[in-house]
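Below are the chains, spelled out letter by letter.
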Amino acid sequence: MSAIETRNLTKHFRDVAAIDDVSLDFAAGRVHGLLGRNGAGKTTLMKLLTGQIFATSGEMRVLGENPVENAEVLSKTCFIQESQKYPDGFRPLDVLRIAEGLYPAWDQGLARELVADFRLPEKRAIKKLSRGQLSAVGIIIGLASRAPLTFFDEPYLGLDAVARRLFFDRLLADFSEHPRTVILSTHHIDEVSNLLEHVVLLDEGRVAISAEAEELQSAAIEVSGRLDEVTAFIAGADVLRVQEIGALATATVHAEPGSADRARAAGLQVAPVSLQNYIVHRTTAAAAAPVT
Amino acid sequence: MRSRNVIDMHLVNRMQAFGWPLVAVTFAFVVILGVGLIVGSQGPEAQAGMYYGMQWNGAIFALLGPLIGYGFTSMGQYFPLALGLGLTRREFATGLSAVFLGNAVIYSVLITSGKTIEKATDGFGLHVRFFDVFYTGTGASWQTLVQTFLLIMAVLFLGAAITAAFLRFGQAFLWVAGAILALIGVGIFAGVLLLDGFGRNLLEVMTMGWGPWMVVIAAIGAASAGVWLLLVRRTQVA
Numbered sequence: 026m027s028a029i030e031t032r033n034l035t036k037h038f039r040d041v042a043a044i045d046d047v048s049l050d051f052a053a054g055r056v057h058g059l060l061g062r063n064g065a066g067k068t069t070l071m072k073l074l075t076g077q078i079f080a081t082s083g084e085m086r087v088l089g090e091n092p093v094e095n096a097e098v099l100s101k102t103c104f105i106q107e108s109q110k111y112p113d114g115f116r117p118l119d120v121l122r123i124a125e126g127l128y129p130a131w132d133q134g135l136a137r138e139l140v141a142d143f144r145l146p147e148k149r150a151i152k153k154l155s156r157g158q159l160s161a162v163g164i165i166i167g168l169a170s171r172a173p174l175t176f177f178d179e180p181y182l183g184l185d186a187v188a189r190r191l192f193f194d195r196l197l198a199d200f201s202e203h204p205r206t207v208i209l210s211t212h213h214i215d216e217v218s219n220l221l222e223h224v225v226l227l228d229e230g231r232v233a234i235s236a237e238a239e240e241l242q243s244a245a246i247e248v249s250g251r252l253d254e255v256t257a258f259i260a261g262a263d264v265l266r267v268q269e270i271g272a273l274a275t276a277t278v279h280a281e282p283g284s285a286d287r288a289r290a291a292g293l294q295v296a297p298v299s300l301q302n303y304i305v306h307r308t309t310a311a312a313a314a315p316v317t
Numbered sequence: 014m015r016s017r018n019v020i021d022m023h024l025v026n027r028m029q030a031f032g033w034p035l036v037a038v039t040f041a042f043v044v045i046l047g048v049g050l051i052v053g054s055q056g057p058e059a060q061a062g063m064y065y066g067m068q069w070n071g072a073i074f075a076l077l078g079p080l081i082g083y084g085f086t087s088m089g090q091y092f093p094l095a096l097g098l099g100l101t102r103r104e105f106a107t108g109l110s111a112v113f114l115g116n117a118v119i120y121s122v123l124i125t126s127g128k129t130i131e132k133a134t135d136g137f138g139l140h141v142r143f144f145d146v147f148y149t150g151t152g153a154s155w156q157t158l159v160q161t162f163l164l165i166m167a168v169l170f171l172g173a174a175i176t177a178a179f180l181r182f183g184q185a186f187l188w189v190a191g192a193i194l195a196l197i198g199v200g201i202f203a204g205v206l207l208l209d210g211f212g213r214n215l216l217e218v219m220t221m222g223w224g225p226w227m228v229v230i231a232a233i234g235a236a237s238a239g240v241w242l243l244l245v246r247r248t249q250v251a
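Just so you know, the protein sequences line up as chains A and B, in that order. Taking the numbering used here, the leading residue of the first sequence gets 26, the next gets one more, and so forth. Taking the numbering used here, the leading residue of the second sequence gets 14, the next gets one more, and so forth.
Honestly, the hints are just simulated from the structure, not real lab data. A virtual CB, placed ideally from N, CA and C, is assigned to each residue, including glycine. Please note: incorrect hints may appear among the correct ones.
Said to hold, decoys possible - Short, incomplete list of chain A residues facing chain B, as computed with Cβ under 8 Å: (1) Phe79; (2) Ser100; (3) Lys110; (4) Tyr111; (5) Asp119; (6) Leu127.
To be verified - In silico DMTMM-like cross-links for lysine to aspartate or glutamate, where the CA-CA straight-line distance does not exceed 20 Å: (7) A:Lys153 to A:Asp185; (8) A:Lys110 to B:Asp21; (9) A:Lys152 to A:Glu107; (10) A:Lys148 to B:Asp21.
Isolated chain A (complex conformation):
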């Protein structure tokens, strides 16, 4: 069952197509990664799906219904955005209290635990919080809301490594106990790669990849060795990137069945390509491709 379905969804800002003919399905009860470079359309897509902005054309169904002005859907949807602004004088305490009243499955005990874990000064005015503390406010709402559909848009900007690890651990633990659909947008791909079950890569408003994370983790291999041997090996292969250093070369190619064994037999060193590097190579290759 799909938590989200979009068909030919398009959003134009004047003459810029922020989302361009996007057709996607996000299965329910899974953690999805929504990846892409800055300006790829990730935030725009999440804003469309939460009814904050209106589509130029196309269709979308969230939890089976059109989300726009749909209180039934939106009460089951939590959108944590890095750009969220709060009114003057608001403290984390106030935001959490209001969020508690809005999300039917809100877990106050979890919220209290997370406030302590993130060492959030909940009585301090929000405008005096650091960037990381502000991110913690969003993370606490996102986790404690226990919304059946939760969007995290760059949820940990400014958080230190310890706090980021805390977020991943708490998300995983809570997801295990209370399965729900999570859409996670981030640039720290390697840090979340073990969390993600499905990945969507947006590039200039279009879907570049929609695939299982496991599939992508083994989608490419990196071969390195003497330049002539590498060149011979990659001839005819689907090459993502080649780097030459003197007489040596390293190439990233799409993995075919048995290609790693063939590379080793050819005397090349073979290394796996991380999800982050694969995404980087795919977006870089797309950008370098000639425009037709």
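Place chain B on chain A using the hints.
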């Protein structure tokens, strides 16, 4: 009833909702009392002149002023948060209308009570006017209640409508609105200077009775509320 959360949001910052308007009005009231003491020391004639002149004093805007800003703040700061927390625009509009209504009731009752006391005590014993002025109505207390209620509702909805238009149309709205207001101003000025009877007719309109003025204020409030409701349904959060 998720609209209730919109009311809760507006009650978080109690200083903004009630504190600053009350601090400002108290300060202005103390200033008026000070003026009353000083002028009162100059004799009954000066005091009578002050009492007459003070019906035009705008010290009460220390209270009405922050309320004008409240309409801007509600749309500018609370609307993005409400949408961010999953409220619909309809729920926000319902909740905010209730907030505006509550504000108008509380402050119009406060001003009317102040006016009643002011009249009963002959200007707090100093022959001053603070609540019993032109802007709040110098007629009966019930008229002040109606007038201030309509005035506050109108400015709150006007502020919300202006901010909604700014969110919808951006900077262009400010330029166009400013240009239209400037043209109206120039038109009136030209009419007074160039057209026979224009100034006299304008003065007649400006000095029309209390009832027609209430209709004008109510019409401005209703038009602002209508425009706001129309715009908020299509307002996006950048």
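The hints, checked one at a time:
1. Phe79: holds, 6 Å
2. Ser100: holds, 6 Å
3. Lys110: With a minimum Cβ separation of about 5 Å from chain B (threshold 8 Å), the hint on Lys110 (chain A) holds.
4. Tyr111: holds, 6 Å
5. Asp119: holds, 4 Å
6. Leu127: Result: holds, 5 Å to nearest chain B Cβ.
7. A:Lys153 to A:Asp185: holds, 18 Å
8. A:Lys110 to B:Asp21: holds, 17 Å
9. A:Lys152 to A:Glu107: holds, 14 Å
10. A:Lys148 to B:Asp21: holds, 17 Å
The structure is consistent with each of the numbered hints, conforming to all of them.
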